[in-house]
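*Asks:* Sequence:
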Amino acid sequence: MGWLSAVSAAVVLVLLLRDFISCEDPYRFFTWNVTYGDVYPLGFKQQGILINGQFPGPTIESVTNDNVIIHVFNNLDEPFLISWNGLQQRRNSWQDGVWGTNCPIPPGRNFTYTLQVKDQIGSYFYFPSLAFHKAAGGYGGIKIASRSVIPVPFPPPAEDYTILAGDWFNQSHNDLKAILDSGHNLPFPDSLLINGRGRNGYVFTVEHGKTYRFRISNVGLTTSINFRIQGHKMVLVEVEGTHTLQNTYDSLDIHLGQSYSVLVTADQPPQDYYIAASTRFTPQVLTATSVLRYSNSQKSVSGPPPGGPTIEIDWSINQARSLRRNLTASGPRPNPQGSYHYGLINTTRTIRLANSAPIINGKQRYAVNGVSFIPADTPLKLADYFNIPGVFTLNSIPESPTGAGAHLQSSVLAVEYRGYAEFVFENYEDTLQSWHVDGHHFFVVGMDWGEWTPASRFTYNLRDTISRSTVQVYPKSWTAVYMPLDNAGMWNVRSQDWVRQYLGQQFYLRIASPANSWRDENPIPSNALLCGRAAGLKIKLL
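Numbering (mature numbering (1 follows the signal peptide of the UniProt record, and there is no 0)), first residue to last: -23 to -1, 1 to 519.
For the record, the hints were derived by calculation from the structure and aren't laboratory data.
Please note: incorrect hints may appear among the correct ones.
What the hints assert, rightly or not - The calculated PhoX-like cross-link candidates involving lysine-lysine, where the alpha carbons are at most 25 Å apart (straight line), are: (1) Lys187 <-> Lys276; (2) Lys120 <-> Lys95; (3) Lys210 <-> Lys276; (4) Lys154 <-> Lys276; (5) Lys22 <-> Lys120; (6) Lys154 <-> Lys22; (7) Lys210 <-> Lys120; (8) Lys187 <-> Lys210.
Modelling step: build the complete structure from the supplied sequences, incorporating the hints.
*Replies:* Quick look at the structure:
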């Protein structure tokens, strides 16, 4: 009997292990070779950053909860990092791909990113986060589809297209970086691109009567864009992982770092139509075009592309306020998006963040609450893990504007794990701002002209506002968001204007779990690169 019992127990154990393994979320593997290469976005040769020889890089396609394993080989002659714009990376800031959390991949070396798109759907993009590499390409789209058992609030489209639009400079990324390092600002961009090409360089083919999904991201450096398709309406269905009320728009303002999904029905006479993106709120308007081509097209595009909205900001802010959650639609899980009553939760802390453009040591800088961020000699996440003193100081940035002069600092703000914070982005400048928080989504509860006061809370939308990771703040205006602080780690809060980010308009949120448990935050990966004062230290694997 003892022998039979042992065999039975072994069989049960094998079956349990088999079931456990079979229930594990799927894996998707990617291998990327990062190189320099010739690109011709405007008809003449420039040096770009390619991924597997492509500009833009390959699209990551996955499904909710998939494990995404990306082997990145750096074949540039300088260090390199990739970050994942909008992916929450639950409990895993070790994979964030910014200098505050990761050592760069040295030339000739490789690093494997291990991501899980846990409880996420929607449209995002990746980009090179180090130095000014973003100006040379190296970006690509990310699509996360819903699991088959979760209903999507619109019929399957005939095709799913990714559009990566943004401004472009004729100068190399090294030349642009040198301009900023010298204390000056960049010139106006030379052009806009759509999927790495200039005027009419990219064609999207459709069939009459069918509906198509377009995922549009602003991957640019410095400018907001307006996006439109000649003669066609766009039905908004998703914003950075949130299903929206399906409002219809003639054009959409898409600010730096933002992503939108729209449905477009090919219901016009069969011919070619312009797809247009133009700069917003700029002294001169740049426009890039692609072509929407019916498969039985009888006529090519001709004449000027369709015009966008005027420079008036009222139109844009009213459009932004029209974005609403679809409360009856399921998100990544079967429960409706409206089942999480964000407006009934009491906030535990208010953090007010004001941007500014100071001159420090005779050079142009940008700051948050009077602190202009400078990278430390060691990634902040590593310094925190190894308890390395002198790299950063907690709460080295105030949680509200002080009015004092600006200074340089590797700024870190400590916030309570599982708190629920009200962030108010205050913009006293004449330029539009775009803010992003890594590792989190937040509820955009309010935005308005003038100065924020506690009385502004009476105007908040606490029922069905949009949830996203990047939000705009209009000139001389404020934007308020509610954010669950439920993702432990060291997370970057930054301007999506890459000039401002590079020159200091960023800081880090340290969200530490008191339990120090793997349940709350993943352990340091065994392949973590170590640099700065962490070089040569030993990773403790349990």
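*Asks:* Hint by hint, say whether it matches the structure.
*Replies:* A quick look at each hint next to the structure:
{"no.": "1", "hint": "Lys187 <-> Lys276", "in the structure": "holds (19 Å)"}
{"no.": "2", "hint": "Lys120 <-> Lys95", "in the structure": "holds (13 Å)"}
{"no.": "3", "hint": "Lys210 <-> Lys276", "in the structure": "holds (20 Å)"}
{"no.": "4", "hint": "Lys154 <-> Lys276", "in the structure": "violated (44 Å)"}
{"no.": "5", "hint": "Lys22 <-> Lys120", "in the structure": "violated (30 Å)"}
{"no.": "6", "hint": "Lys154 <-> Lys22", "in the structure": "holds (20 Å)"}
{"no.": "7", "hint": "Lys210 <-> Lys120", "in the structure": "holds (23 Å)"}
{"no.": "8", "hint": "Lys187 <-> Lys210", "in the structure": "holds (13 Å)"}
Consistency with the previously given hints fails for numbers 4, 5, ordered from lowest to highest.
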